[in-house]
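Peer 1: Here is how the chains run, residue by residue.
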Amino acid sequence: MKLARVAQPVSPSLGATDNLDDLENRSIWLIREAYARLKPLGMLWSIGKDSNVVLWLARKAFLGRVPFPVVQLDTGMELPEVYAFRDRIVQEWNLDLRIETCPPESEMDPTLPPATRAAARKTAGLQALLEREQLRGVLVGIRRDEQGTRAKERVFSPRSLGGNWDVTQQPAEFWDQYRTDFPVGAHVRVHPLLDWSELDVWRYTRREQIPIVPLYLAKNGKRYRSLGEKNVTFPVDSNASSIDEIIAELETTRIPERAGRSIDSETEDSFERLRQAGYM
Amino acid sequence: MSGDERALRIVVVGHVDHGKSTLIGRLLHDADALPDGRVAQVQQSSDARGVGFEWSFVIDALQAERDQGITIETSRLSFATERRRIEIIDAPGHGEFLRNMVTGAASADAAIAVIDVREGAVAQARRHLFLLSLLGVRKVVVAINKMDTVGWDRAAFDRVANETRDYLAELALKPVAIVPISARGGENVWNGSDAAAWHDSSLRDALDALEPTPAAENRALRLAVQDVYRDGERRIIAGRVESGRVRVGDEIAFLPGGQRARVATIEGWNEPVARIAAAAGQTVALTLDQKLFVARGHLAVAAGAAPDAVRRIRVRAFWLSPKPLLQGAELRLRIATADHRVTVVQIERAIDVETLAPVEADTIVSGQIADLVLESNEPMLVDIAADIAPTGRGVLVDGHDVSGGCLVLDKLTTRARRAAARRNDLRPPPERVTQARRAEKSGHTGGVLWLTGLSGSGKSTLSLALEEQLFEQGWRTVVLDGDRVRGGLSSDLGFAPEDRTENVRRVAETAKLLSDSGLLVIVALISPERSQRADARRIIGDAAFREIYIEADIATCAARDPKGLYARAKARKLTGFTGVDSAYEPPLAPELVVDTASLDSTASLARLADYTDSQFSCRSGTVRALEG
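Chains as they are written, first to last, in the numbering used here: chain A, 1 to 280; chain B, 281 to 908.
Read the hints as simulated data drawn from the structure, not as lab findings. It cannot be assumed that every hint is accurate.
[Unchecked claim] Partial pick of chain A residues on the chain B-facing surface, computed with a CB cut under 10 Å:
#	residue
1	R32
2	W56
3	P183
[Stated by the list, open to error] Cβ-to-Cβ under 10 Å is the rule here; a few derived chain B residues that face chain A:
#	residue
4	A287
5	V382
6	T383
7	G519
8	Q562
9	L600
10	G679
11	V682
12	G685
[Unchecked claim] The calculated lysine-lysine pairs, modelled on DSS-like cross-linking and capped at a C-alpha distance of 30 Å, are:
#	chain 1	residue 1	chain 2	residue 2
13	B	K603	A	K39
14	B	K571	A	K39
15	B	K792	B	K419
16	B	K843	B	K792
17	B	K853	B	K843
18	B	K454	B	K419
We put the CB at the ideal spot given by N, CA and C, even for glycine.
Kindly produce the complete structure, drawing on both the sequences and the hints.
Peer 2: Given below as structure tokens:
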């Protein structure tokens, strides 16, 4: 894989940065802030396009190496292409990967609808990881524009010992000052991509030539717009077989990004219940 | 619209029930920005709850919000006009959710204030507007909503518009536009409306006129150190340029301590070309040409241009915690990456958001705004917020919680500290001859024309000519000339930087007294530093103060040399002479520039006189357009 990026003309004025430069600068600042203030720090890697961008930004922030462990919450249900991509990138990028096997579905809250129950396995896996590794900070690649409840998130989002999210008691965040002191046992989710849009992620992926799981590209009129486990995620109709075509498609689409994710719409509040209990 | 452009971020504020969420839902719908299915979903949610079609459900994604009929959290949504992408940050209006409003508003480029025409700018809206001004959001579009309920009555609109405009002017905020709308009916929101035919623009027009806020690239260098990484023998300093710019080869000083080194490299990974410079807003990883001890919280500045370190500062604070703030409280003040332990040594006054009058207070509760004196055990390297915002404002941390924010108003040196102590005990008697009565009699309001420029640029000549012309026209006017002040009021001061700053302060205070008594004061003073003129502006106030740059290049001034000073400075018989061996900082955004190198004296005078008339005369009939 080629990491070098196509040389672009240097902008004449220092201040003339574009939107992607601004987003990159701020995200790098946030990742460095998390690394300086939350020890030990880890990162959740879903192997999807968003967390690949976070990893890439971490490599930029720390000049090539990722100085913290990268965790995959594994349900064993990912598509084979996802596992293949993971193994390749871990090698090439020299990542400290920890695979956390999630507890089985039979141990989940039986009142949740089926697909939501499947997703809840990841929450349980994350909780087990946090308890074992005593992580104080976890980088997560969620974005505000993905889903209504994620729009309500903070950049530094505090979680109680059980991982619960109290949406009514979130700290104030302004002037890039974040709450980073917490009682023992609590942890902080740090969301460096919160202000990015789906299009920003793709445009940045294109500019930086960040590798992606090939499932995002259309084959036989179908592609994955959002990657989840094979039992709860479905490809959408699309002919976009390159990143350029994905970008063109997104510039005009009216279909929500997570339309292929069954947990979001099983019942009106299914995703919200998941998130309040600690889902990503 | 190009998708690569940065979206303009807009926060929506106002009293609960004045229609913020409805307006956002309406904007998203009319801009055709809702994903398929969302309208049907909202219809379903509305039906299930037995209400008509509820626009606000569009953004109230959380079930809890829908059931209680309130918005809890800031959420972000975007749409596009033909000019650009706009991202909307909804700030909830309930008092107890102030933290969320602040969180949303702090990152905004501009604000829409939604005000119910039947109720006007009530306390909650005023509090929001006040907070916006403190947070640094300077551009406000006022949407006067529910115009349908008053039959699009123009008089009702004007009443609320004027009241809001007056309030904003007190906060030194100018509304970009004030627009009558009906969010529920979608009238004059996206498209103009027949009902609003008497008004020339829709809300969309107003939004299209806004521009994103540029980073502070032209200010002094402030680089906040975030962390230091080791790479073998090398030390890499990670941080962000908060203001100004830095280049490879620049000599920079790290504070506190003041150790100096040159920037050897700006490091990067996977970058097409090595960076040689970085500007405000950019993150950097630097290496230096020398080994220094640098740590998180240090501030790098251009060598020789360090801000004064002080232990006491006066701040304007807003408090967000349910736990009240008391005098003597011990807090942490975080400014950029620095973290100081501070004690609230004095609560000078709280500010009534409704009237903006100072009120005595010994306790500050959530939502209140107050001026405080903070003291730290170690020197703090901060700027005045009005000069360099990123290193002039910070958060107040109480225990684990970010409990408030504050802007640095003053750095209290010993002299200023004594004065502050005295000032606090002063109770000036109310005046009987009011500003309005004075203006009515003289035909003009009081004001200060602050002429700054190099020696020999023409400040004194122009000021005397202007004074004479105004005097002949019946104005009440006076000149405060640098040389004259030096002979009396400031005869105890020399020309060292701190003495010059004190001289400027005295002239500003004098000008304020005179301007308050209705006089048009013309100050002719080199006042070489921007911070000095910012002090003068703060003392005199935005309403009366006009910074006027009398511009002429140094060669022209030296050739004129009316007092023979350039010759003496050149012969080294005079030291600290501005322009020769002491710097002059030209204004960055003066209200007026008079270029005396290219304009002759008649044209220069005419320019100045016209400007004075347009700004301070009550007779000329020129009402200053706030919406321009």
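Peer 1: Now, for every hint given, state plainly whether the structure supports it.
Peer 2: Hints, one by one, checked against the model:
Nearest Cβ of chain B to the Cβ of A/R32: about 5 Å, under the 10 Å cut. The hint holds. Hint status for A/W56 relative to chain B: holds, with the closest Cβ pair at about 8 Å, below 10 Å. With 10 Å as the threshold, the beta carbon of A/P183 comes within range of chain B, its nearest partner Cβ sitting at about 7 Å, so the hint holds. Using the Cβ-Cβ criterion of 10 Å, the hint placing B/A287 at the interface with chain A is satisfied: the shortest such distance is roughly 8 Å.
With its C-beta approaching chain A no nearer than about 5 Å, B/V382 sits inside the 10 Å limit, and its interface hint holds. For B/T383, the interface hint holds, since its Cβ comes within 10 Å of a Cβ in chain A; the closest pair sits about 5 Å apart. Satisfaction of the interface hint for B/G519 is found here, the shortest Cβ-Cβ separation to chain A being roughly 8 Å, below the 10 Å cut-off. A least Cβ separation of about 5 Å between B/Q562 and chain A falls short of the 10 Å threshold, and the interface hint therefore holds.
Taken as an interface hint, B/L600 checks out: its beta carbon lies about 5 Å from the nearest beta carbon of chain A, inside 10 Å. Given the 10 Å rule on beta carbons, the hint for B/G679 holds: about 8 Å separates it from the nearest Cβ of chain A. Taking 10 Å as the C-beta cut-off, the interface hint given for B/V682 holds, the closest approach to chain A being about 5 Å. For the restraint placing B/G685 at the interface with chain A, the shortest Cβ-Cβ distance is roughly 6 Å, inside the 10 Å limit, so the hint holds.
A C-alpha spacing of about 29 Å is found between B/K603 and A/K39, which places the hinted pair at or below 30 Å, so the restraint holds. Between B/K571 and A/K39 the CA atoms are separated by roughly 27 Å; this keeps the pair inside 30 Å, and the hint holds. This hinted pair checks out: B/K792 and B/K419 have alpha carbons roughly 27 Å apart, not beyond 30 Å. A distance of roughly 29 Å separates the Cα atoms of B/K843 and B/K792; the hinted pair therefore holds under the 30 Å criterion.
Annotation: proposed proximity of B/K853 to B/K843 holds, straight-line Cα distance about 14 Å (limit 30 Å). Under the criterion of a C-alpha separation no larger than 30 Å, the hint pairing B/K454 with B/K419 is consistent with the structure, at around 7 Å.
Hint check: no violations occur; every hint is consistent with the structure.
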